[in-house]
Amino acid sequence: MYAQLVKSEGAKSREEMLPEEIAFQDRIDRGEKIEPKEWMPEGYRKTLIRQIGQHAHSEIVGQLPEANWITRAPTLERKAILLAKVQDEAGHGLYLYSAAETLGVSRDEVIHLLHTGKMKYSSIFNYPTLNWADIGAVGWLVDGAAIMNQVPLQRTSYGPYSRAMIRICKEESFHQRQGYDIMMKMAAGTPEQKAMAQDALNRFWYPSLMMFGPSDKDSVHSAQSMAWKIKINTNDELRQKFVDQTVPQAKYLGLSVPDENLAWNEDKGGYDFSEPDWSEFFEVIAGNGPCNEERLGARVKAWEDGAWFREGLMAHAEKAAARAPVAAE
Amino acid sequence: MPKKPPRARPSPPNDPAGLRARPITFQLWEKLMSSEWPLWEVFIRGQHGLNHRHVGSLHAPDAEMAIRNARDVYTRRSEGVSIWVVKSNDVTASSPSDKGPLFDPSNSKVYRHPTFFDIPEEVGHM
Ligand SMILES: [Fe+2]
Ligand SMILES: [Fe+2]
Ligand SMILES: [Fe+2]
Chain A
1 MYAQLVKSEG AKSREEMLPE EIAFQDRIDR GEKIEPKEWM PEGYRKTLIR
51 QIGQHAHSEI VGQLPEANWI TRAPTLERKA ILLAKVQDEA GHGLYLYSAA
101 ETLGVSRDEV IHLLHTGKMK YSSIFNYPTL NWADIGAVGW LVDGAAIMNQ
151 VPLQRTSYGP YSRAMIRICK EESFHQRQGY DIMMKMAAGT PEQKAMAQDA
201 LNRFWYPSLM MFGPSDKDSV HSAQSMAWKI KINTNDELRQ KFVDQTVPQA
251 KYLGLSVPDE NLAWNEDKGG YDFSEPDWSE FFEVIAGNGP CNEERLGARV
301 KAWEDGAWFR EGLMAHAEKA AARAPVAAE
Chain B
330 MPKKPPRARP SPPNDPAGLR ARPITFQLWE KLMSSEWPLW EVFIRGQHGL
380 NHRHVGSLHA PDAEMAIRNA RDVYTRRSEG VSIWVVKSND VTASSPSDKG
430 PLFDPSNSKV YRHPTFFDIP EEVGHM
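So the sequence lines, in the order shown, correspond to chains A and B. Note that my numbering has the first sequence beginning at 1, numbered continuously upward. Note that my numbering has the second sequence beginning at 330, numbered continuously upward.
Pulled out of the complex, with its shape left as it was, chain B reads as follows:
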């Protein structure tokens, strides 16, 4: 059974927001938080032609607002010339427990790095 809401009293002058007079109940809170905006991941491309890079996340009701908010939250000092946003729920991530099977095999393939090969100095820059 939900508890009866507390009776509203006028706010005293030293309590402008009425905090004392109107304690926040869970019911009131639930009503107020019924519509949490979804979370978006934000990617920014800087000035120098590099890839978009993940910079953080933010809440926004839709993609358009996510881009507007990303502008204010992540590019206040000209950090970017392009923004991507994607709903966090739509990101599929590799799981930490797959770290070994996914990434260990490349450890033994040192020949993929140029430094594996000794090229005589006489050959010149290569």
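Pulled out of the complex, with its shape left as it was, chain A reads as follows:
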């Protein structure tokens, strides 16, 4: 999930709710969409800002590990495809920032919170992309995990968020397919290429499982978010679905999932698998992953380096507006 640890207030029982809170919850239960200027509990608004903001930041920061390979793509076609994919991610970030803004935060505010470390982005983007096979693994696994999370969010209760998710989901399956396409090529290539593909899977498997956030028993914020329909499935449900979907895909590639405990469980109709190392997850979230500094540093540098440009265009626009003849009454 792109928003892995979103703090929200504990769920209230019906008896504890104010009349307007009851009416609000009833609207959500009826499947109505909540729109920007309508009344909403402060907790709903704040939780959504955190979640949509975290999601937007993930799209934006998520461009970095892939952009790293645009100039080094093996063919012109692969380069054009990767460029289009990364451009989509920029678009996703922008749709989501706009959705967050409808809740009463400014774009600059949420970006400021990211740059000062007060808002997070997905832990997955703090891992390096070391070679071309990693770009395949990212599209296949990372976008695959993102899709798992985003498809149900199309039904989220907040209108602007839901509409952003619908638009994003339309574009995501290209991302996963282009990644899998790279993996197919590598896995069917020379022994060295196949070994690279296996190595990429080895490194990205557990970080991808972490994308869904901590285990349900440890994620304290789920109940309220699920009542509000800003979270649709639990972390463990989505992780299970992801594993069940991905294992056969790995098999098709002739690659092995780096988990000795992976086994089909007939009773539950899904795979048993090992949990990722959660202490590593919390370290990465806390800022101590392999690339945290590099990623955030690149964002801050881009923001600072772009300041003269943003200011220049604004100054130009203001000047032009002042010069324009005033429209007749």
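None of these hints come from the bench; they were simulated from the model. What you are looking at is a predicted structure, and each value in this text was computed from that prediction instead of being measured. Heads up, the beta-carbon is just placed ideally off N, CA and C, and yes, glycines get one too. There may be inaccurate statements among the hints.
[Unchecked claim] Pairs of lysine-lysine, BS3-like flavour, derived with a Cα cap of 25 Å:
#1 A:K37 - B:K428
#2 A:K37 - A:K12
#3 A:K217 - A:K268
#4 A:K217 - A:K170
#5 A:K229 - A:K241
#6 A:K46 - A:K33
#7 B:K428 - A:K185
#8 A:K251 - A:K241
#9 B:K416 - A:K229
#10 A:K251 - A:K229
#11 A:K229 - A:K46
#12 B:K416 - A:K319
#13 A:K37 - B:K416
#14 A:K229 - A:K12
#15 A:K46 - A:K217
[To be verified] On the chain A side, residues computed to face chain B include the following (Cβ under 8 Å):
#16 D88
#17 G91
#18 Q240
#19 K241
#20 A317
#21 K319
[As the list claims (entries may be wrong)] Just so you have them, the derived chain B footprint on chain A, three or more residues with Cβ under 8 Å:
#22 33-44
#23 302-314
Dock chain B with the ligands against the given chain A, drawing on the hints supplied.
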């Protein structure tokens, strides 16, 4: 009183952007965010002659840039043949609390729908 800005130190090699050496202060931030571009609402008309439809919003310094950005943000897969942009501030919206007075009256006017009228089958398609 504004706090004294932190002293600039050269960035260590493992910290290329100088994040550690140069914490972002609020003052520095305010300076950098002094010119937030205005927000624009974007409307796109698709290929099939339908109305322009609201697709989302974006920030841009002026109308011309808003259209250019809208092209990149909202029509990467030939979603449109025409773009309108309007400053979000210039949009006047009905308020949620007016929902009842504005829209309820039409609920009782079912005769505005053709299905209200029973036309005998013998009459043929109407
Ligand atoms: Fe995305
Ligand atoms: Fe994607
Ligand atoms: Fe993504």
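Consistency of the hints with the structure:
1. A:K37 - B:K428: 12 Å, holds
2. A:K37 - A:K12: Holds, at about 23 Å.
3. A:K217 - A:K268: Cα-Cα ~19 Å, so holds.
4. A:K217 - A:K170: 32 Å, violated
5. A:K229 - A:K241: Holds, because 19 Å separates the two Cα atoms, which is no more than 25 Å.
6. A:K46 - A:K33: 17 Å, holds
7. B:K428 - A:K185: 56 Å, violated
8. A:K251 - A:K241: This hinted pair holds, its Cα atoms lying about 16 Å apart.
9. B:K416 - A:K229: 31 Å, violated
10. A:K251 - A:K229: The hint is violated at about 35 Å.
11. A:K229 - A:K46: Distance ~14 Å between K229 (chain A) and K46 (chain A) Cα, so the pair holds.
12. B:K416 - A:K319: This hinted pair holds, its Cα atoms lying about 17 Å apart.
13. A:K37 - B:K416: 18 Å, holds
14. A:K229 - A:K12: 14 Å, holds
15. A:K46 - A:K217: 23 Å, holds
16. D88: 7 Å, holds
17. G91: 5 Å, holds
18. Q240: 32 Å, violated
19. K241: 27 Å, violated
20. A317: It holds, given that the least Cβ distance between A317 (chain A) and chain B is near 4 Å, below 8 Å.
21. K319: Because about 10 Å separates K319 (chain A) from the closest Cβ in chain B, which is outside the 8 Å limit, the hint is violated.
22. 33-44: holds (count 4)
23. 302-314: holds (count 7)
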